[in-house]
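Using the sequences plus the hints, can you model the full thing?
Protein chains in written order, with the working numbering: chain A, 1 to 418; chain B, 1 to 726; chain C, 1 to 172.
Hints are computed from structural coordinates only; laboratory data are not their basis.
Think about it this way: if two alpha-carbon atoms lie no more than 25 Å apart in a straight line, the pair counts; the simulated PhoX-like pairs of lysine-lysine are:
#1 C:K34 - A:K142
#2 C:K51 - A:K134
#3 C:K170 - A:K127
#4 C:K163 - A:K127
#5 A:K227 - A:K45
#6 A:K127 - A:K7
#7 A:K381 - B:K131
#8 A:K271 - C:K113
#9 A:K127 - C:K51
#10 B:K126 - A:K381
#11 C:K34 - A:K127
#12 A:K271 - C:K163
#13 A:K381 - B:K77
#14 A:K401 - B:K61
#15 A:K381 - B:K57
#16 B:K88 - A:K381
#17 C:K34 - A:K147
#18 A:K134 - C:K34
#19 A:K247 - C:K163
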Amino acid sequence: MEKMLLKRVDIPNANDIDVALKHGAYGALSAAFGMRPVDVVNEVKRATLRGRGGAGFPTGLKWELCARVPGSLKYLLCNADEGEPGTIKDRFILHQDPHLLIEGMVISGYAIGAERGYIYLRYEYPKAIGILEKAIEQAYAKGYLGKNILGKGVNFDLSVHRGAGAYICGEETALIESLEGKRGQPRIRPPFPASQGAWRKPTVINNVETLSNIPFIIGMGGDAYAKIGAETAPGPKIYGVSGHVNKPGVYELPMGTTLREIIYTHCGGIKGGKKLKAVIPGGASTPILTESHLDVKMDFNSLVAAGSMLGSGAVMVMDETVDMVNVAYVLVRFFAHESCGKCTPCREGTAWLYQVYTRLMHGEGKEGDIDLLLYICETVKGKCFCPLGEGAIQPVLSSIKHFRADYEARIKSGVVSH
Amino acid sequence: MENTVTVTIDGITVKVKPTATILDAAKQAGVRIPVLCADDKLHPYGSCRICLVEIEKSPRKFTPSCTTPVADNMVVKTMTPDLFEARKRILELLLCHHPLDCPVCDKAGNCQLQDLVHEYGLGPSKFTEKKRVVPPNYKSAVIDREVARCVLCGKCVRVCREQNAVGELAFTRRGKESKVSTDFDQQLDCEFCGECVEICPVGALTTKQFKYRGRTWNMERTQSVCNYCGCGCRMVYETRQGRIVRVRSAARNYLCGKGRFGWDAVHHADRLTTPLVRVSGELVPATWDEALAMVVTNLNVIKNKRGADSIGGLGSVRTTNEESYLFQKFMRSAIGTNNVDMLARLKVPKGLNTTFFSGELSNISGHDVVLVLDGDVAELNPLTGIEIVRAVNRNYKKLILVNSGYNKLNRIASCVLEYVSPDAALADLLPALKSGQGTGAVADAAAILKEATSVAVIIPARLPDGTYYQVRELLSLLKGATTYPVVKRSNFLGALDMGVLPGYYPGYQKVSPDVVSRFASAWNCMLPEIPGKNALEMLDAIKQGSIAALYIMGDDPAGSDAGLKPVLEKLEFLVVQDIFLTETAKMADVVLPAVSSAEKAGTLTSLERRLQGISPAEEPLGDAQPDWNILQTVAKKMGSAMHYASPSDIMKEIRALVPLYADLAVGSVWPAEKSPLHGSETNLSLLSDSVEKNDVITSERLLFSSGTTTTRSKELTTVCTFKVEA
Amino acid sequence: MSDVIEDSRFCRSGGDKIMFSDAVVEAINQVRQKYPDSQGAVLPSLHIIQKAYGHLSYEAMRFVSQHLRVPESDVFGTATFYSLYRWKSAGKHQIQICHNLSCSLLGAESLIKHLEQKLGVCEGQVTKDGRFSFIRMECIGRCDGAPAMLIDDDYHGELTPQKIDEVLKKYE
Ligand SMILES: Cc1cc2nc3c(=O)[nH]c(=O)nc-3n(C[C@H](O)[C@H](O)[C@H](O)COP(=O)(O)O)c2cc1C
Ligand code: SF4
Ligand code: FES
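Okay, here's the thing in structure tokens:
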């Protein structure tokens with residue numbers, strides 16, 4: 001497949017507007033402005049684009065909800081928090097091709113009727129802030145941002161808002177709170193952001209990769225776009241691969257490429273010729289899979305059927321030497337650190353899990369600890385305010401399900417690690 | 001008619017508003033769902049997860065009922081084995097790090113966590129890891145925060161913001177380190193309304209006042225009404241062995257710091273317990289007989305020598321309706337003069353009770369716009385403040401604020417007019433409303449007001465002539481305006497209703513031959529035919545020497561204005577009835593010890609004109625007696641026939657003689673248009689431009705100011721000193 | 001966990017009082033323009049102060065609160081929610097080393113031990129010469145170059161103990 005999203009990524013200095021323009025940036029703008037906003041929304045609906053941030057919500061539908069709300073003050077937020085461990089895809093666009101994102105945002109803003117946009121950028125991307133601010137400045141200078149864009153009477157202002165180190169701010173309502181200068185704790189839904197989001201105004205939040213798809217949908221038309229990749233969720237998908245593979249990195253492939261193809265064809269197989277033990281297909285909060293799942297297609301529905309999730313498409317590969325207790329410990333530590341503290345099950349449950357894992361890591365595992373871990377997961381399950389808590393128990397449940405022996409060995413031997 | 005949806009909760013089908021939550025619907029169906037973080041006063045929050053329910057055909061196993069709106073034909077189960085287990089697990093999580101110190105926790109017996117744990121029958125926990133290190137307790141002037149007991153439901157944080165607009169408390173840190181803190185973990189430094197203590201489901205917030213004073217199940221409770229300001233908040237005295245140990249709001253209404261913590265003045269060492277009489281220059285204890293004989297003899301001598309009109313009476317804005325009624329009856333029938341008034345009339349908005357009748361406070365939040373003409377309303381009438389905040393924070397209405405300073409209302413106002421005084425602001429606002437002139441905030445305010453179809457106008461506590469006419473004009477320009485005047489003293493309105501006025505008999509019945517003869521026959525006595533002197537005229541007359549004796553019930557002119565001391569010194573004879581030895585009492589020839597509102601029965605009339613009853617929570621202290629009883633004893637000794645066994649006897653007489661009160665039920669408001677003064681422009685305030693210039697006016701007092709009672713509250717004075725030091 | 005926040009840490013009233021330079025105030029006023037209300041500017045304002053003075057403090061939060069007219073408790077609650085606001089000075093160069101899964105699979109823990117030995121400090125501490133401090137980070141989005149770290153704003157990946165030694169030399 002020819003690269004779309006990452007087309008300009010390998011071109012030197014593509015984050016400079018002149019270079020980007022030479023390679024087609026902002027080409028879809030005038031086409032989009034030639035359409036009525038509602039037609040832009042319909043085109044995206046026809047493309048059946050599903051969000052790339054993790055939840056996979058149909059983008060056209062989300063836009064339609066917001067576009068329908070009367071009134072002119074609306075916001076478009078780009079979710080560039082990229083906090084899910086293992087996820088690296090948005091960074092490539094932010095660093096190498098910011099104009100693709102800006103173009104996507106201008107079109108999206110036009111479609112939903114928002115004249116103000118923010119890019120919520122994680123603090124851990126210090127390089128991206130400079131690049132984005134420069135790109136925005138250039139886009140203003142060339143008239144792709146600001147008032148009366150392309151002389152078509154379209155207005156769109158854009159700025160970057162930096163987070164300050166909180167994974168939960170990737171969750172869309174927590175992101176809004178954080179943008180408003182508050183603690184990044186999720187809000188109650190309803191009201192949904194599409195009707196009352198940032199500053200209580202209708203708001204659309206989309207992932208960097210999602211927004212970057214928009215110029216192509218406008219360019220090739222929704223129907224053509226819908227023919228790419230998996231039927232249920234078409235389009236190109238950026239997979240970020242890390243861990244024990246020979247060639248970690250980002251790969252733009254049709255949605256629905258199998259794990260095997262990603263790991264063995266594109267990433268050159270497992271490091272040192274070792275055997276694969278486990279793979280996390282979509283970031284830390286997606287259940288761990290095993291070798292037997294290698295032929296699963298990496299798209300929303302197929303992964304759910306296999307007992308996991310596409311999440312952000314962040315594939316983390318583990319070879320046969322890995323002790324899955326360590327893996328679960330690292331991820332549980334992460335979730336306990338990132339729980340926002342609002343709801344009881346996530347706050348107390350992740351903290352408890354972390355305490356038990358710390359014991360295991362200190363070689364103080366006890367008979368019955370596996371049951372205890374399962375008990376805590378059951379306690380958290382289905383009760384949390386937002387998906388973070390639910391995600392936090394996935395590494396525990398799936399590692400015990402597939403690799404119980406690792407736990408038993410750990411408890412018996414009392415090996416100390418870390 | 002509003003459309004409804006049909007919801008079935010545990011087999012009970014109810015019709016509810018589409019905006020209702022499942023929890024609301026369950027309440028309507030009479031089904032109890034346990035909650036910790038949900039509260040009717042607050043926006044849904046959904047953090048504790050105790051209120052989970054199951055919805056038929058839902059993709060989710062559990063759904064929080066407090067945050068989930070109903071849908072048509074929804075079928076909800078609130079108790080299944082799975083839900084029971086789920087809630088049990090949540091409770092287990094909440095107890096992981098909770099200190100099990102119930103024996104020394106003030107909340108025991110009244111703790112929602114304790115009750116739920118008991119209800120769900122929690123056994124030993126699977127949690128055997130180390131308990132979290134308990135952070136230190138945070139003390140403050142009146143409220144202690146035991147952070148380790150906190151379940152992070154956030155109700156205190158939210159009530160402080162959503163209801164009070166104070167924002168003293170906030171969540172800080174993250175995850176398991178989350179805590180409720182003040183700014184920078186310093187001591188609490190807020191309004192000390194104590195609403196956070198009241199709303200806390202566990203023992204994380206407690207009051208110093210109540211510490212180790214009793215268990216909730218040992219308490220006797222007396223419904224009453226707060227006697228500090230005109231809002232008339234309903235409250236409950238909790239007593240143990242006949243002593244008050246705590247005050248709480250009734251039916252979980254609001255109480256401010258004065259109402260909640262100020263009651264300890266009742267037990268202050270300065271309380272008068274015996275009558276005092278002046279013997280060779282000194283006030284010395286006396287028996288009631290001695291003291292009353294002295295009162296009667298002196299008043300009789302002066303009356304016989306110089307006429308009844310050489311005696312004046314100053315009534316009180318704190319005593320009950322019955323006592324105010326009896327006071328004017330005493331002055332008119334036993335003394336024989338209409339010289340009866342209240343100094344407090346100097347401190348109320350001009351036009352109160354005729355032009356600016358107050359709407360019901362709970363209606364404030366229903367108006368499109370609230371216009372506050374003077375920023376300090378929330379301090380003077382806290383409940384009015386709360387209703388203004390509710391309008392903005394809960395109902396998303398607009399607030400226009402005239403304020404020269406900066407206070408909590410500034411933060412929630414849509415538009416702030418920074419002017420030194422209301423008249424300056426109105427001078428700009430009125431032309432803007434009339435002809436669209438004006439810029440900036442004035443133009444914004446005018447635009448908002450023009451759009452509004454109903455406006456709540458909060459009338460400042462003082463309104464000199466000039467401003468009065470401006471406000472009149474403003475009201476004529478607004479659509480659907482309702483006024484809400486600020487009334488600082490608790491029973492000011494009641495005292496007016498009861499005729500503590502030189503020109504009116506109770507119920508605003510003007511001194512006229514008809515009225516006088518009606519009262520004369522009812523009271524079976526001779527009554528003076530000409531109106532008496534008002535409070536200002538009385539003070540003048542004292543300076544002039546034409547008033548020689550003054551009978552003061554429950555007021556302290558010398559204490560609130562040192563300039564009045566030399567005036568009072570001119571008197572030949574001064575009687576003071578009070579609960580403390582006030583500055584004025586110190587000057588008296590006879591001091592008669594009265595009881596506080598916690599020790600007597602009767603009724604009060606709030607600024608909304610709502611009749612409300614108070615009940616005694618304690619026995620009178622020492623030899624002190626209720627004002628009504630003192631008055632009737634003096635009257636009897638002066639030859640008047642008064643035989644009341646209780647305040648309700650007096651109320652019976654009031655109902656017979658005062659049409660306004662004839663069938664006014666306790667708890668209701670008398671309708672404005674029923675007043676004989678309705679629409680008559682009569683000014684019941686003594687405040688006017690000329691008086692304003694006169695130095696007789698006492699300075700305004702704010703929330704924790706030096707009032708006769710507030711300064712005697714240990715709690716309130718600690719707050720004061722603390723605030724000064726901080 | 002090492003990042004447990006002590007309660008006393010924020011309450012340093014008095015002591016090293018920070019004067020906020022005109023440049024900082026100007027930057028805050030600028031950033032305020034980007035938001036429809038002043039509270040939106042809380043996070044960026046704190047970033048500006050942290051950048052200018054190395055860390056946040058009681059005074060910084062109070063200043064932001066007063067300048068933006070946001071209750072102090074709100075600013076405090078917000079500032080302490082996020083993990084990358086600092087309450088004491090970092091070293092001249094702040095090393096942020098990732099210990100999340102991808103990095104940990106490829107040896108992050110042993111690199112952290114190496115760093116500790118090399119610098120002679122634990123997480124969160126500053127070296128004696130003031131040159132370095134280091135903190136552990138959750139995923140820094142560099143999993144493709146794991147194990148990875150940030151020094152100030154620069155990224156370094158595919159780390160080995162040797163490579164760390166080399167890299168550190170470049171920072172004076
Ligand atoms: C705990 C949590 C963390 C999330 N983090 C991110 C993130 O870092 N980046 C992102 O784009 N979406 C993240 N999401 C998903 C967002 O909530 C949201 O679904 C997404 O930004 C919507 O954009 P999309 O429809 O374009 O995918 C997260 C969700 C949760 C629950
Ligand atoms: S699950 Fe609860 S505590 Fe965890 S992040 Fe979401 S709201 Fe916060
Ligand atoms: S009462 Fe519903 S979550 Fe707390």
